[in-house]
Structures are given as structure tokens and as C-alpha cells.
Amino acid sequence: MPSALRADGITVKFGGVVAVNDVSLDVEQGKILGLIGPNGAGKTTLFNALTGFVTPQEGRIYLHGNEITRLPPYKRTRVGIGRTFQTERPFEELTLLENVLIAAFLKEPKRKKAEQLAMDVLEKVGLADRYDQPALDLNLARRRRLELAKALAVQPSVLFLDEMMAGLNPPALKEMIEFVRRLTDQNLTIVMVEHIMEAIIELSDHVIVMANGSVITEGLPRDVIEDPRVITAYLGED
Amino acid sequence: MKKHYVIFAGLVLMGIFYPRMFPGYLSVAITLLLYAGWATSWDILGGWAGQVSLGHASFVGLGAYFVAVGTSHHEIAPWWAVLMALFAASLVAYLWGRLTFKLKGPYFTLSTIAIAEIFRLVAINEGWLTGGATGVFIMTLPEPFGLDLFSRQVNYYLALAFAAITVLVVMLISRSKFGYQLRAVREDEDSAMASGINPTTVKLKAFMLSGALTALGGGIYAIFLSFIEPHIIFYLLLSVQIALTAIIGGRGTIWGPCIGALLVVGSGEIFRTTFAEANMLIYGLLIMVVVIFMPRGIVGEPARYLIRRVYAKRAQS
Numbered sequence: 047m048p049s050a051l052r053a054d055g056i057t058v059k060f061g062g063v064v065a066v067n068d069v070s071l072d073v074e075q076g077k078i079l080g081l082i083g084p085n086g087a088g089k090t091t092l093f094n095a096l097t098g099f100v101t102p103q104e105g106r107i108y109l110h111g112n113e114i115t116r117l118p119p120y121k122r123t124r125v126g127i128g129r130t131f132q133t134e135r136p137f138e139e140l141t142l143l144e145n146v147l148i149a150a151f152l153k154e155p156k157r158k159k160a161e162q163l164a165m166d167v168l169e170k171v172g173l174a175d176r177y178d179q180p181a182l183d184l185n186l187a188r189r190r191r192l193e194l195a196k197a198l199a200v201q202p203s204v205l206f207l208d209e210m211m212a213g214l215n216p217p218a219l220k221e222m223i224e225f226v227r228r229l230t231d232q233n234l235t236i237v238m239v240e241h242i243m244e245a246i247i248e249l250s251d252h253v254i255v256m257a258n259g260s261v262i263t264e265g266l267p268r269d270v271i272e273d274p275r276v277i278t279a280y281l282g283e284d
Numbered sequence: 079m080k081k082h083y084v085i086f087a088g089l090v091l092m093g094i095f096y097p098r099m100f101p102g103y104l105s106v107a108i109t110l111l112l113y114a115g116w117a118t119s120w121d122i123l124g125g126w127a128g129q130v131s132l133g134h135a136s137f138v139g140l141g142a143y144f145v146a147v148g149t150s151h152h153e154i155a156p157w158w159a160v161l162m163a164l165f166a167a168s169l170v171a172y173l174w175g176r177l178t179f180k181l182k183g184p185y186f187t188l189s190t191i192a193i194a195e196i197f198r199l200v201a202i203n204e205g206w207l208t209g210g211a212t213g214v215f216i217m218t219l220p221e222p223f224g225l226d227l228f229s230r231q232v233n234y235y236l237a238l239a240f241a242a243i244t245v246l247v248v249m250l251i252s253r254s255k256f257g258y259q260l261r262a263v264r265e266d267e268d269s270a271m272a273s274g275i276n277p278t279t280v281k282l283k284a285f286m287l288s289g290a291l292t293a294l295g296g297g298i299y300a301i302f303l304s305f306i307e308p309h310i311i312f313y314l315l316l317s318v319q320i321a322l323t324a325i326i327g328g329r330g331t332i333w334g335p336c337i338g339a340l341l342v343v344g345s346g347e348i349f350r351t352t353f354a355e356a357n358m359l360i361y362g363l364l365i366m367v368v369v370i371f372m373p374r375g376i377v378g379e380p381a382r383y384l385i386r387r388v389y390a391k392r393a394q395s
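The listed protein sequences derive, respectively, from chains A and B. Under my numbering, the residue at position 198 of the first sequence is numbered 244, and the numbers go up by one with no gaps. Under my numbering, the residue at position 139 of the second sequence is numbered 217, and the numbers go up by one with no gaps.
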């Protein structure tokens, strides 16, 4: 399978603090990369560097072989990167359909067609029956699904999920895991930052573990979580 | 949405017959319509795109000066002068936006005050261009189709057309791709970027449209006054009044700025005659009441309440 997303030697510094230190990764098309690590490990910063919200001082990023290191976030969206935000940000005054419509306009400038696309995406995430509700007062699980719908409506080839599972109750978590798995059937590539180990183990094809800005280990999910270095990183040394 | 167009048609129709019914109250109506149009134009940037400007008097001034200086110093017909003013205003808005859109929230607002002040100083000090501190008189105007542009009637219909155009533009925007991009940028720029929207471009377009429309009203204002002074037309107070009109009525709504104009101009007119100086007190009180009890404005607050009610009902069923 060809590489969908590749990053070489990404380094991000904030003043004197090295938030991400020389991280490289390569995700094949249709695969899921899990990004884990204790709080402050640099996952979110790496995530933001890959999606364009933070500019790395060093390193290069390629999407399907084309360099995107210097592209601003909105241009990365246009070439195929979709993302969700850790704290979902629905446009509260607008209906669910209008929320997704904003993203759908990217690929379908005509309102009729954009509405159709938005409706299809809402159908996919199971919110179609509420399409004309305003986005305020949605419960957490539905806000997550709306956030996911917004990211899917730009029809990305690589989808970045920022802690989509956090705080979900067990049935909602199960549903979300199932849903994300189905996305890869359509050849979507996924990069996910996640704390919920259940989701990481069930979904990831490959896991990268970060601590203090660097990759401490990577590999198959089962192998990685039993790695003593990972346990130390999470629990500290005794 | 259909109901908005029905309301619009009804109001325009009423507007057309207004001079026959109240021929003695044309000047108030002109002021009201101009403020409605300015506030609606302001709201494209301030309400829909969420960038509060306290510099819109500059665009009123640009429009007014192009018409006044154009007709009295260079013998340019007012309609050509207005057209030039629209281009000039768009260009100014573009450069202004490029310079200041890096600033967020209150910092952007402060920068608009500063830039507007530059325009005022130029108008006062560059007499060769603007007539200087004494201002400009419009002595003669051409008479297209035998219309006397100095007559109150004609001024009134110009102001009506201006207000109608701005509201129509906003109605069209509100359902368009551009309208949704504006709302996305206002709510959250990061989220908008994740949807592939370039916030700077969207804000620039909004500013250019807002500035050009405001200048159109400025040109009509100059004809209405037939004498313009830089102290008044480029003054911060005018910027503040335009912004307040939209804010009181309800930012980011179709009818908010018009309702705001009705309230601000209407109450100003009534209270000025009955309370004289206390008029400003009442004006201040009005602002306080709206800001405290209806932070989303007179139209915005009930709209939000209705949305919640309808939703709550559906959630129960």
C-alpha cells in the first residue's frame, strides 16, 4: 500500500521548550495510526503540526507524496486532511445540517448539492433525524458525532481524530469504535490521539508512544502496551 | 426565509407610500433609513463576520467626500462619484483589513478607531483635496430625468433604495455559502480552517462589501446635507452610533440593524424635542437596558429564545 501520510524528523519548539523532538512517522493508506502517551508528551502538538495549526521548526510532512509542511491549515483541508477538535466546537446557533453544510461547501459549492452531501454525512453518523435542530444542548456523544460529521464532510483522505473517545459511556464508546473501524473500509487513513486504551487496541494498525516530546517506542498495539518503557512512562519509576 | 422576503416587500411598499402619508416628516425618515442602511452594512462585518469596527464613519466620509468634492470641485456627476467611492471604499477596506485582521477582538476594534482618526485628520488638513476644516458645499447638482436631487422627496427615495439594497444583500448572503463562511469565522476561526475556509479572505470580503455599501450611504448623505464638515462626518461618534444601532437591534440578524435604527433614531427624535438635553440620558439608558437584559440585541435575544423553546418542545415529545 502506498504511503498516505509521512513525516520526517518533526521538531516543534515553544521558546526554549522542545514539545516535539525529531518525530517521524509513515501511515499507509487505509490504516489507522494510534498516538498515545502521558499528558504533556507532545501528542497534541505533533497532531497540530501535522494538521497545520502549529509550524514545526524542523522536518517535513508529505501527504500522498506531496510536501505540505508549509501549507496553512485551510489549504491542508483542501488537499485532503480532515480533523476533529478535542473540545468539540459546533456552531451552536446553527442547525446540525448547517453545521455540516459549512464543511460540505468545500467540495460542493452549490447549496443544493452541498445540502445533499451534508445530509448523507449526517446519515452516516446517525444524526440525520435531528438535522434541523440547533447544535446547542446536544449531549456529549452527539456532539462528538457532529464533530466527526464536520470532519467527514470535507471528504478527507486522511482523517485526524483528537481524543474522540474520551468521556463516552461504554455503549457510546463501542458505537464510536465500530464507526471508526467502518471508515477505514472506505480506504480512509486515520491518525488518532487517544487515551482510551480499549479504542487504541481495537482500532490501531500501528501505535506510536510518545513521552517528553520523543517517540519512546512503536509497533503493534498489543506489543506496545506491554513494553516496560511504556508502563514506566505512564506510571513513573518506582 | 420566504417570510423575510414577504416582510421586505411589505416594508418597501410602505416606504414607497410614506412620503404621501407623512410629507412633513421626511427628514427624520431619511436619517432613519440612512442609519438602517449603515447599520446593516456595518453588520456584515461586525455581526456576520464578528469583527467589531468603530471606524465606519471613514466609509461614510469617503462616500460623502467623493460626491461633494467630485460635484463641486471637479464637475463629476454624483452617480459617477458614488461609483468611484464604491471602488475607493473597497480598496481602502482591503488595505485596512490586510493591515489589521491579524489583531483579534478588542485589539481589532481599537485599531479601527486609530485608522479612522487618520482619515479625519487628512480630511481636515489636506485642504487642496478636501476643502479642509471648513468643509465642502454642494451648490449645484445635475438633474437626471428632470429630478431635483436637492428635493427632500428625491433624497428620501435615494435613502429608501440604499436601505433596501443593504437589507437585500444581507438576505441573499444569509443563505449563501459566503454567509455560512462568515458565521463559521465568527464562531471559531480554527474550526473554520478545519472546514477549508481561509478566515482572512472571508473577513476581507466582508469588510470590502461592508465598506462599499457604507460609502454608498455616505454619498446619499452628502446630497441630503448638501454641506459636509470633516469634524462631523469622519468623527468617532458617527462610527459609534452606526455600531450601536446594529448592536442594539441585534448583531448578525437580518432585521436587527433596522429595528435598531428605528429605536435609536426614533427615540432620539422624540426625546430631543420633549426632553432637550436629557435626550442623551435616555439614549444612555436605552443602551444600558439592551446590554444588560438583551445582550444579543432586540431581535437576537427573542430569536435565540424561540429556537430553544421549539427545540425543548421537540425534545419532550
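Honestly, I wouldn't trust all of these hints.
[To be verified] In silico lysine-lysine, DSSO-like type, Cα no more than 30 Å apart, as pairs:
id: 1; chain 1: B; residue 1: 255; chain 2: B; residue 2: 283
id: 2; chain 1: B; residue 1: 255; chain 2: A; residue 2: 159
id: 3; chain 1: A; residue 1: 153; chain 2: B; residue 2: 255
id: 4; chain 1: A; residue 1: 158; chain 2: B; residue 2: 180
id: 5; chain 1: B; residue 1: 182; chain 2: A; residue 2: 159
id: 6; chain 1: B; residue 1: 80; chain 2: A; residue 2: 121
id: 7; chain 1: B; residue 1: 283; chain 2: B; residue 2: 80
id: 8; chain 1: A; residue 1: 158; chain 2: B; residue 2: 81
id: 9; chain 1: B; residue 1: 283; chain 2: A; residue 2: 153
id: 10; chain 1: A; residue 1: 159; chain 2: B; residue 2: 180
id: 11; chain 1: B; residue 1: 180; chain 2: A; residue 2: 59
[Said to hold, decoys possible] Residues from chain A that keep clear of chain B, each with C-beta distances beyond 12 Å, as calculated:
id: 12; residue: 59
id: 13; residue: 60
id: 14; residue: 94
id: 15; residue: 111
id: 16; residue: 123
id: 17; residue: 144
id: 18; residue: 171
id: 19; residue: 187
id: 20; residue: 196
id: 21; residue: 219
id: 22; residue: 241
id: 23; residue: 262
Hints listed in this document are in silico derivations from the structure and should not be mistaken for laboratory results. Where is the CB? At the ideal position from N, CA and C, for every residue including glycine.
Contradicted hints - numbers only | Violated hints: 4, 5, 6, 10, 14, 16, 17 and 20; rest satisfied.
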